[in-house]
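Trainee: Add chains B and C to chain A, keeping to what the hints say.
Chains as they are written, first to last, in numbering that gives the first Met the number 0: chain A, 0 to 488; chain B, 0 to 192; chain C, 0 to 196.
Simulated from the structure, these hints should not be mistaken for lab results. What you were told as hints is all true, and nothing was included just to trick you.
Okay, derived cross-link-like pairs now, SDA-like style, lysine to any residue, Cα gap no bigger than 25 Å in a straight line:
{"id": "1", "chain 1": "B", "residue 1": "K92", "chain 2": "C", "residue 2": "L91"}
{"id": "2", "chain 1": "B", "residue 1": "K92", "chain 2": "C", "residue 2": "H31"}
{"id": "3", "chain 1": "B", "residue 1": "K92", "chain 2": "C", "residue 2": "F27"}
{"id": "4", "chain 1": "B", "residue 1": "K93", "chain 2": "C", "residue 2": "S42"}
{"id": "5", "chain 1": "A", "residue 1": "K27", "chain 2": "A", "residue 2": "D293"}
Chain A is nowhere near these chain C residues, computed Cβ spacing over 10 Å in every case:
{"id": "6", "residue": "A66"}
{"id": "7", "residue": "G70"}
{"id": "8", "residue": "G92"}
{"id": "9", "residue": "D99"}
{"id": "10", "residue": "A100"}
{"id": "11", "residue": "C118"}
{"id": "12", "residue": "M140"}
{"id": "13", "residue": "P167"}
For each residue, glycine too, the CB sits at the ideal point set by N, CA and C.
Here is how the chains run, residue by residue.
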Amino acid sequence: MSECQLRQSTHPLVGGIHPETHKTESLKQQCMMLPTPPELIFPLHFSGGGPGHALVSVGDRVQQGTPIIQTESGIVHAASRAGVVTAISEHPLAHPSQGPSVCLFIRTDSAGPSLTLPLRSSWTAEALRQRAMEAGILGLGGAGFPSHQKWGDTLHTLLINGAECEPYLTADDTLMQQDADAVIQGAVALAENLNLTRIVIGIEDNKPDALEQLKKAIAESSSSYLFEVVVVPTKYPSGGERQLIWLTLGLEIGSGRRPVDHGIVVHNPGTLAALAHSIDGNPLIERVVTVTGDAVPAPQNVIVPIGTPIRHILNHAGVDSYGDLQLTVGGPLMGFTVHATEAPVVKTTNCLLLRAPTQQPIEPCIRCGLCAEACPVQLQPQRLFQMVSHGALAAAGHEGLADCIECAACNAVCPSHIPLASWFQHGRYSLQEEAQQTAIADQARQRFEARQARLTRLAQEQEARRKARRTQNSDMLAKVRAARGAKSE
Amino acid sequence: MTELGLIIVSAALVNNFVLVQFLGLCPFMGVSSRLDSALGMSLATAFVLTLSSVVAYAIQSLLLIPLDAMWLKTLAFIVAIAVAVQFTELALKKTSPLLHAVLGIYLPLITTNCAVLGVALLNTNRAHSLAESAFYGVGAALGFSLVLILFSGVRERLAFADIPTPFAGASIALITAGFMALAFMGFSGMIRL
Amino acid sequence: MSANWLNLVLGALALTGLTFAGGILLSFAVRHFRVDGNPLVDSIDAILPQTQCGQCGHPGCRPYAEAIAGGELINRCPPGGQDTVDRLAELLGVDSLPLDADPETAAIDQVALIIEEDCIGCTKCIQACPVDAILGAAKLMHTVLPDLCTGCDLCIAPCPVDCIEMVPRTMAPNTWTPLAPEIISSDRTTTGVALHV
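If we strip away everything but chain A, and leave its shape as in the complex, we get (with noise of 0.2 Å):
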């Protein structure tokens, strides 16, 4: 039996926002499965975990389960559901590039048996990073990491990041209420084999039934693992990786450092009841998504197969047109905008949303300082605006322009409606490409020199085998010479 130690956070955020949450509307309703559409759609590059190939043909049937997509990064995205691969090309994407992009295509039919993971006895570190790439498990809070890479042999603490604090978002809380046993599982396991100290979940004070849940999973869960329950205040971004550490362990992670640095490795919730399910066999292949806004007439969440066309989701939620709304793939703050209703929901999906257009004219900066005060990393957006407009990168990174979490919160308190953060996101790119222009320079030059080296060097050797050998052949010629001088006397 766990023990679970219950406290308030004591380090305070800097900075963030008080949004208006927005979350009782999909709160309401029970949370289902969604009944299974009729085709399912896959990207091939941008399912996550880098870019992919096929592993069935056009024409391939799979039952749910079958591995069809292997990426770079050694994860395998599996079949959602029992069906025939129909094709294989390009399609619009629920990513903020639009796509388009080679996608799989599958027509879904009647369920046959599905495809499973096999059970082991016990398990090792080893095993379970490769039972995570097997099962398709990444970070479902949005960046989707490829988790397994983030389990090394130097780490001492886990924490879940239960804080969801972005507005509309409930697809956290919705799983921490409905499968709480799962998470704690997942946790264990991962502790238990990656020999953890310490587990600490940070969970926002606006979620008291998630809270319970988790509470009651924790006593019923057969590990014997200290759980330290951190209750953190509202405020968006409470739940950034970094703000999060902070509120619940009072540690401040460096810049240009990372927590598994520290030997502290973040969670999703949702991922790690992922991996408790891929260690009883089932890989990834669906999720929790919240489907809300003004424009939706029945804000849910529902747990959809990955590779559901935006589509169907919103039918399911009561859309049936769409006119010129504005279509949001993720939160307001943190979301980007998607045009495509076709296209599918990939791992990290984690909130539709559906709403009136809310353009507002862009004006020059007045100086007004909000921006300042909102941002939780402290930098200074204003002045990080004017740098990156005026192309003065070097300048901007100076300032700390890597270290943006592109939380968008200074875009949400501007007054002038400026998009700060897709400036800093557009900046950060920049930065990274002129980093990377200049690692390959370095490298260009690195060789040219060695060449040139080289080069000297063989010269220079072939110099002196040229001058030993004239001596040799003087030293030679004196003897002969000698030698007849000699016989001639």
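Mentor: Frame of chain A, contents of chains B and C only:
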């Protein structure tokens, strides 16, 4: 001792050479667009100012006054300043070639900087002793450096700002310098010297 | 002011003596502060892209860096792009210039590709590559390692069977560029710094 301290404060703040006496405006405007070049320029000018005020005093007391040739003081001081500037340029080229390349033409232009010649001539006018001349030079150097660094900090920020086209470039810089001069007028009357 | 001749001559002599003394002092200073090499060149070379292609008119990036330290124009490097020109301008404290190259061809990132069916294994391209990006040996297949190739195209000319082509570098299929948002209208002028779009 307090008199020497008062001389420094007076030369640096109350009668600041750039913003109150309006001497040495050429490097002030020309080198202040970047903080690192401003820092380098202020160090170079500070060195030249101090050195030349001392050397000028030496020339005056050892050469010009005994020979009753004070009518040659301007020429003699210019020679001393030119030698000091050339010396500084050579030293800078050795220690920081990047700074030397960035400062470019403004380094030899310290020779014609009216602030440097002004310090030397004012020392003569006010009949300062050796110590007083040296401290006057140091004070002038400190004041010049302070203003140059402050101004370059402001100009670096102005470079990214939304300045209307008619005001962009030298115009807004001069307006800013005017505001700074107004601010420095707040020091007047602090010391009567 | 006494206007007698002695005073005048003495004064002139004093000034001349002073000038000579200053000159001698400076000549010592010149010898003492002699600079060997040019560290400025290192800073410039660190910014250049190291393709060693010769498109700037100099036989390599370091000779061009030395030329820039001596006053050469900074906008002659097409592989570096406008970015490199701007960074050089910032380093040297001068105004930036537009890149002296056709912007369309300069912008394409290219790598060399050996058409293996036609390769005869003569090693001429291997000898020409300034960064050793071609793998191979005499009478054996040659191949370009795209990660090491800088796109300088110095290998094209030496090939006796003309089997090397320049092709665009393939990007990973999941790359995408977050574009800059729209520039809001304002009264400012751009001060010669390139905007990244």
